[in-house]
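Peer 1: Residue-level listing of the chains:
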Amino acid sequence: MALAEALPEPSNPLGMDGIEFIEYSTSQPQAFGALLQQMGFAAVARHRSREVVLYRQGAMNLIVNADASAAEKTPAIAAIALRVRDAGFAHRHCLDLGAWDMPTRASAMELHIPGIHGVGDSLIYFVDRYRDFAIYDVDFVFDSNSKPHPPGVAGLHWFGVVQAILNERTADWLDFYRTLFGFEVLPRGQYFGVLPKGTLLESPCRKFYLQLIEPPPGADEVHWNEGLVRVGLGAPDVPKAVAALKQRGIVFVDHGAVQPSDKGALTQVYLGGVTFELVVSKEIPS
Amino acid sequence: MNLENFGMDTITLAGPLEAKLRAVREAGFTHVMLNATDIAGHPAGEDAAVAAVRASGLRVTGFQVLRDFEGLSGHLHAYKVDIAKAMLGMCHALGSKVLLACSSTSAHASGDFELLKKDLQKLATLAIPFGIKIAYEALSWGRHVNLYPQAWDIVQQAERANLGVCLDSFHILANRSELDAVEDIDPRKIFLVQLSDFLWREVRSAEDRIDTARHYRVFPGEGVHNEQLAALVRTIDATGYRGDYSFEVFNDDYRALPLAMVAQRARRSASWVASLVSRRSLPARQR
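Just so you know, the sequences run in chain order A and B.
Just so we're aligned: the first sequence equals residues 1 to 286 in the numbering used here.
Just so we're aligned: the second sequence equals residues 1 to 287 in the numbering used here.
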């Protein structure tokens, strides 16, 4: 029997299940590595063939890629890897709907992670092996002297990613994230943390958020490019997390509207443009 | 309205890109509609063409034209997606915020509304990372979409922020379309208006329309549809549209005349159109 009725699309078409890793690119991996260690991350493994290091804390995987020839000094978020039900399906689904394919970068015997182009120069990868098998087991060599799963500082976990966009581009990017992945906009006025602005999108798995921010009124667009600008880290108890990170040498912005509170906190700017935001949040287990 | 609202189209002019840009600027225009052949056919290569456009100081009204994109399937669809990507890349390199896409004329194209909508949604998604808007235009000899209300219908149903319509007076006049439906179009979804006229009243067949469209268009005010053109411009203006008007005038004679002479005709036409509606820059009278 032919199925003629128009069935609604599932709300989570890719079976998204959170963030597998966030990738930064930089030509200063040592300096950035030192900052990440202050933020509670530990280097646990190195890529077999490229200058790429895997950092971890708690359930968060963070990759620092110093291999890309185009890498700037200031570390920049180069990719978000999404956990999905079937990476091949997710990739095809997005290409069918008008995403731009990413050239494969895998060398011989390395894992090919499919992906598409995101905002600016960033990429969005799809990973479906994260339960009983980890992608890092193929391409990375783990440091035998360090714990492969270091605990998180004060329960830190991925909360979301902040994306800068140009003026009047919110509707375009909403279409992008809604159509390809099934993100939904949170009602206006529903914000978390200490930087309540822009538009918040909730992932279809309800495990993380994207925040779209147009330039503030009167800002000079020349100094405002589209791209992923910051990660948000969830903390069940923000003051406790702030205290723990301060002890590790991290400095938080402590004046004006963004001073640390129960809701969130923002670090100072490091290495010419890196900040981390803390947001009160309970981790949702995978 | 004032001169700022009008731009010329390089397809009206003969000669190298640099000479066209100079003629457009010297006639007092501030923006120009570019054609893919301006870039691909530049003797010093694409980068030189892009550099010439950037150096001209002219804003790019839009980039044309993606043809026969929607309604195809299988390898034809895949081929057109490749073409669309290349055009989006060129459009982006030129700093153009609008890509013109004309309704399909292909005998291989389906007229299935859902498929046409889906393909245009895909095109819109491809354009998002570049910040490019897709202006979908009903060609008067389009195979399935040949009237502007049809184009608007698909655009409306597609519900994509960067997908809108291009209204082209030639196709509206050639099909003797009613203007009422213009009033229904959300002015924020009109991404471009192209103006031109032609020199005879009858264009009976699709072949007539194609021939006239490609060789015998003239600037507004020079043809035989002044009254209808005036009504169209006034109707568009009354919707609240405040975007660009571009003169899309394909004319073999104009491509054989000195560029400055053609640009002056365009300038005269801009004044004629501007006189049809009140000046936009004047503030409303205070009571």
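Check before you lean on any hint, since a few could be wrong.
Stated by the list, open to error - For lysine-lysine, the following DSBU-like pairs were computed, each having C-alpha atoms within a straight-line distance of at most 35 Å:
1. B:K97 / B:K118
2. A:K282 / B:K117
3. A:K197 / B:K117
Claimed, not checked - Listed next, the stretches of chain A that the computed footprint assigns to chain B, with coverage defined by at least 3 CB atoms under 8 Å from CB atoms of chain B:
4. 130-139
5. 207-218
6. 268-275
No wet-lab data here; the hints were simulated from the structure.
For each residue, glycine too, the CB sits at the ideal point set by N, CA and C.
Peer 1: Now, for every hint given, state plainly whether the structure supports it.
Peer 2: Hints versus structure:
1. B:K97 / B:K118: It holds: about 22 Å lies between the C-alpha atoms, which stays within 35 Å.
2. A:K282 / B:K117: violated (41 Å)
3. A:K197 / B:K117: Roughly 33 Å between the alpha carbons, so the hint for K197 (chain A) and K117 (chain B) holds.
4. 130-139: violated (count 0)
5. 207-218: Answer violated; 0 residues pass the 8 Å Cβ test.
6. 268-275: violated (count 0)
In the structure shown, a violation is registered for the earlier hints numbered 2, 4, 5, 6, in ascending order.
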